[in-house]
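*Asks:* Read off the chains here:
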Amino acid sequence: MGQSLSVRKLEAWYGSNQTLKGINMEIIPNQVTAIIGPSGCGKSTFVRCINRMHETLPGTKVKGEIILDGESVYDQDPVALRKSVGMVFQKANPFPSMSIYENVVAGLRLNGMKSKQKLQATAEKSLRMAALWDEVKDRLNYSGMSLSGGQQQRLCIARALAVEPSVLLMDEPASALDPIATTHIEELIRQLKENYTILIVTHNMQQAARIADSTAFFLNGELVEHGPTSDIFTNPHDKRTEDYITGRFG
Amino acid sequence: MRQSLNEGQQILTNLLIDMGKKVEDILEGCMESLKSLDRSKAEFWIAQDQLVNDFERQVDDECVRLIATQQPVAKDLRKIISAMKISTDLERMADLATDIAKVVRRIEGPLCKPLVDVPLMAEKALSMMSQGLEAYSNEDMTLAHNLSAQDDEVDHLYKQVVRDLLVIMSEKPDNLDQGMYLTFVGRYLERIADHATNIGENVIYIATAERKDLNK
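Chains as they are written, first to last, in the working numbering: chain A, 125 to 374; chain B, 5 to 220.
Relax, there's no trap hidden among the hints.
Listed next, the stretches of chain A that the computed footprint assigns to chain B, with coverage defined by at least 3 CB atoms under 8 angstroms from CB atoms of chain B:
1. 307-320
2. 325-336
3. 350-359
Since the hints were made in silico from the structure, they are not lab data.
Note that beta-carbon positions come from the ideal geometry of N, C-alpha and C, so glycine has one too.
Please model the complete structure; the sequences and the hints are all you need to start from.
*Replies:* Here's what the structure looks like:
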């Protein structure tokens, strides 16, 4: 099942440039939460803080609290944390030298799983959850790079699911895909929320509107508004949100 | 594919069907109150109109939500726009039905003529509404087109009702008030049938994007 996330007074810097300025946000488990906002508003930094990737870059700094299911992420080992908080990136990034199967089980192997039977079972389960199994079951030994862009992205989702996270972070997961592949990914996200808490960063407001249960609008490192998606897109409370979603700035 | 949009459209269809059933209850109830000149029944059904207004708001809200969040285009968009228009037609039908019950407030009994054609008009108008909603639900163009001929039958009955009432009123001026109110009832039922043809017109618009007048 997905886990709740509670973000309190989160601030983040790249050198002297403050990109997040005190974000407070409750993320509901088993829902899709979309983060929207113009370039540079801090939305990618926000999700990268959740699995502590932001702090891996030189010159960065983070303040505040992120509570995952009652425990601060800063009290957890980052590697263990990234098992429970999976991430899918804008550009599909299968490991180029690995087969489809090897890509899916790579995380499990790193975590010491050796049983061939368990690896195979998890690979199938993850590929099924990523709605890719039927398309690849007869060519699991082919290179991951042999797949189409949309399939590669679903492979990356399967890879993230294989380590059984409770939260899935997605940073523009469909921005490099055609409309058909995008629809596949969006339907997949809808299904995955039954088992995962999903945060999706997207430039595409229409995509946020289609798939998210709640939507948060970021601007200049601040959270302007967060609420049910249908409210944000029909009756936003803040004029800046309305101006952004109606295309009047940004 | 587009599961959220499909689910939303199904919600709209279900809402419209439930709304149609409520309109049917109200019109049947209002006609009963007219036949028996039962003012307490009439008041009951007049109050029920609020439930149909609530349905209309629910349909509007769902349409707005779907347009804002699902970006429907082509047939999907036509179906959502048409759902809004159909709910307005159903809401108007319920208003007209309760106008019949409001006539009961004003008529002093007994009735100046047995009601034969007027209940028949109500029956036909209700049948047209049900067929219109079935046509919407199943995208049944034939059913939608058939509404035109049925509307002509209701128009014909309305003219008959007016002729009969004119004779009664001219023969006995004491019946003038009641005759006038019953003419109004005929007019309300004729308008209800017109709204049912609008549902058919929307079904044709959804399927073909063409505007067809079924009420000539």
